[in-house]
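Colleague: One letter stands for each residue in the lines below.
4 protein chains.
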Amino acid sequence: MTAEPLMQPEFEYCFELRCRVEDPVPLGGREPGEGLHFARVSGGTFDGPLLRGTVLDGGGDWWDARGLTVKLDARYVIGAEVSDGAAGVEVVNRGVWRTDPETYERMLAGEPVDERELYYRTAFRFRTGHPELEWLTASQFIGYARAEPGFVVIRVFRLI
Amino acid sequence: MTAEPLMQPEFEYCFELRCRVEDPVPLGGREPGEGLHFARVSGGTFDGPLLRGTVLDGGGDWWDARGLTVKLDARYVIGAEVSDGAAGVEVVNRGVWRTDPETYERMLAGEPVDERELYYRTAFRFRTGHPELEWLTASQFIGYARAEPGFVVIRVFRLI
Amino acid sequence: MTAEPLMQPEFEYCFELRCRVEDPVPLGGREPGEGLHFARVSGGTFDGPLLRGTVLDGGGDWWDARGLTVKLDARYVIGAEVSDGAAGVEVVNRGVWRTDPETYERMLAGEPVDERELYYRTAFRFRTGHPELEWLTASQFIGYARAEPGFVVIRVFRLI
Amino acid sequence: MTAEPLMQPEFEYCFELRCRVEDPVPLGGREPGEGLHFARVSGGTFDGPLLRGTVLDGGGDWWDARGLTVKLDARYVIGAEVSDGAAGVEVVNRGVWRTDPETYERMLAGEPVDERELYYRTAFRFRTGHPELEWLTASQFIGYARAEPGFVVIRVFRLI
Chain Z
1 MTAEPLMQPE FEYCFELRCR VEDPVPLGGR EPGEGLHFAR VSGGTFDGPL
51 LRGTVLDGGG DWWDARGLTV KLDARYVIGA EVSDGAAGVE VVNRGVWRTD
101 PETYERMLAG EPVDERELYY RTAFRFRTGH PELEWLTASQ FIGYARAEPG
151 FVVIRVFRLI
Chain Y
1001 MTAEPLMQPE FEYCFELRCR VEDPVPLGGR EPGEGLHFAR VSGGTFDGPL
1051 LRGTVLDGGG DWWDARGLTV KLDARYVIGA EVSDGAAGVE VVNRGVWRTD
1101 PETYERMLAG EPVDERELYY RTAFRFRTGH PELEWLTASQ FIGYARAEPG
1151 FVVIRVFRLI
Chain C
2001 MTAEPLMQPE FEYCFELRCR VEDPVPLGGR EPGEGLHFAR VSGGTFDGPL
2051 LRGTVLDGGG DWWDARGLTV KLDARYVIGA EVSDGAAGVE VVNRGVWRTD
2101 PETYERMLAG EPVDERELYY RTAFRFRTGH PELEWLTASQ FIGYARAEPG
2151 FVVIRVFRLI
Chain E
3001 MTAEPLMQPE FEYCFELRCR VEDPVPLGGR EPGEGLHFAR VSGGTFDGPL
3051 LRGTVLDGGG DWWDARGLTV KLDARYVIGA EVSDGAAGVE VVNRGVWRTD
3101 PETYERMLAG EPVDERELYY RTAFRFRTGH PELEWLTASQ FIGYARAEPG
3151 FVVIRVFRLI
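Residue numbers (the working numbering), protein chains in the order written: chain Z, 1 to 160; chain Y, 1001 to 1160; chain C, 2001 to 2160; chain E, 3001 to 3160.
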């Protein structure tokens, strides 16, 4: 045991990703919306106090649904602004999306839903060799996401 | 945009894992402590307000070091107390361990180091089919860890 | 021990994938061509005695190079012809690409190189829930690939 | 198209792994034998024309069953004989195990079954930094396995 009291988790806001996501392709589940799907990430931007840049076309989100609980496994690439131009960074983002029937109806009707109505929390891993971006590979990051029509919007926080 | 202000990340403390970890086996790095290693998880216990049980023998932590920054990728199994006995749960725990030379010296000398001195933060994914443990698969969890000689001790928090 | 003599590995040819692959994005390696890259898969077709269809736009190949030895980790989606239309199938294809400086020069000059000159061997895992495609998920598959300008062409074999 | 005719897959026998595997722990499936399980790898040996050594205690096989078709995902560590002693090598072995009810009955009765009766085919990925073992990381390997009581026995072949 340590003499110091243990920490409460603390976090630092880094940037917000706005990923354009195409319509999902079902990967063979028997009922609509059930089972594994692929949704291509086709572009976007990100911005915030610690980093900004663009989301590249390619990669996607492989998501697996059981009713209104969905496991996310997204993998795509962003181009981050650095002093000598833009540097590629792999984004691996896994997590959980979960909602209730009423909120889901509103989403299907094209309404945005906020972070309290939709449980959409993730953990990030970044990979890049650019020396200015080493901090992205040396901490654990989490995401709080919300859905807007055609986009996933995720705020990225660093665990302190 | 939503009318509601965005959330600050919030956390709920769930339980603390005490994993017994055997001496690491280097997987061929050229310098001691560098590169990929395997450390077997050989037992332990966990306890807390939301769950308790034992850590099973098997699995381990595949960790990859570059200097004093280490990527963790642990995978093992716990037995959780449920109303009809114990249920197996797969634990996948990935994250970052990072320290400074001075703290590292103290660790090598067998001293415990606390959560502020050692950046040891992780993200969990649990897999189990037991109906009482569905909550473990329907949220994102993070870990704050500390090292004690022969053990890794990780507090597990649920993102709210 | 079994009385029967052991098998020699045997293979059944299934289909050939022609994936259009976009120019790779470096993910921060310090030298050109070294380290992690992302190459988007943007389309294509596949055909053969057991299956045919299209390669969807999205996903890609995350490849990691050390000199002229490259680890491949591709993940994309194909649409396979089935009796009621097309069914989505996730393709995970991991393997090794390895060549010598002379062959590499010829590839850079835009010449095709064949399966003997370029060691480009992979192992596949397919995921789909479509009942007609269950066979894709119930065997181990391997790939023999060759490079054509702008395309990766992979013959897929089932281990018998 | 290349002028050369395409290759038939060819392979080179490397070594045979004999892994001791402990009784599987179910990870919550509702019916016995269904769903995800963990089976600890607790030791063993390997031998053959290209490599020999021991299987270390730790890691295991996370296998997922639907009826008599099982997806394997094993991850453990071996110690390979090299000129300066033993070198650790990570083994990742994924594949498919599939049988029919009659063969399964014989396995439950403790009888060995051979490679023709049990479809048990895998693909390997090895990771090690030891310079003498670079060949393990520079080719694609496949496995033909058979079950003996308490052991999995896998012959490892290199794709040529």
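Note that these hints are calculated values from the structure, not bench results. The C-beta atom is built at its ideal place from N, Cα and C for all residues, glycine as well. Some clues are possibly wrong.
Stated by the list, open to error - Residues from chain Z that face chain Y, not an exhaustive set, calculated with beta carbons under 10 angstroms: (1) Leu6; (2) Leu50; (3) Leu51; (4) Arg52; (5) Arg116; (6) Ala123; (7) Gly143; (8) Arg155.
Colleague: Give a verdict on every hint.
Modeller: Verification of the hints:
The closest approach between the C-beta of Leu6(Z) and any C-beta of chain Y is roughly 6 angstroms, which is under the 10 angstroms cut-off, so the hint is satisfied. Interface hint status for Leu50(Z): violated, as the beta-carbon distance to the closest one in chain Y is roughly 16 angstroms, over 10 angstroms. At a threshold of 10 angstroms, the smallest CB-CB gap from Leu51(Z) to chain Y is about 17 angstroms, leaving the interface hint violated. At about 18 angstroms, the closest approach between the beta carbon of Arg52(Z) and any beta carbon in chain Y exceeds 10 angstroms, and the interface hint on this residue is violated.
A hinted interface residue such as Arg116(Z) counts as satisfied when its beta carbon comes closer than 10 angstroms to some beta carbon of chain Y; here the least separation is about 6 angstroms, so the hint holds. With its C-beta approaching chain Y no nearer than about 3 angstroms, Ala123(Z) sits inside the 10 angstroms limit, and its interface hint holds. With its C-beta approaching chain Y no nearer than about 9 angstroms, Gly143(Z) sits inside the 10 angstroms limit, and its interface hint holds. Because the closest C-beta pair between Arg155(Z) and chain Y is about 7 angstroms apart, less than 10 angstroms, the hint holds.
Checked against the numbered hints given earlier, the structure breaks hints 2, 3 and 4 and satisfies all the rest.
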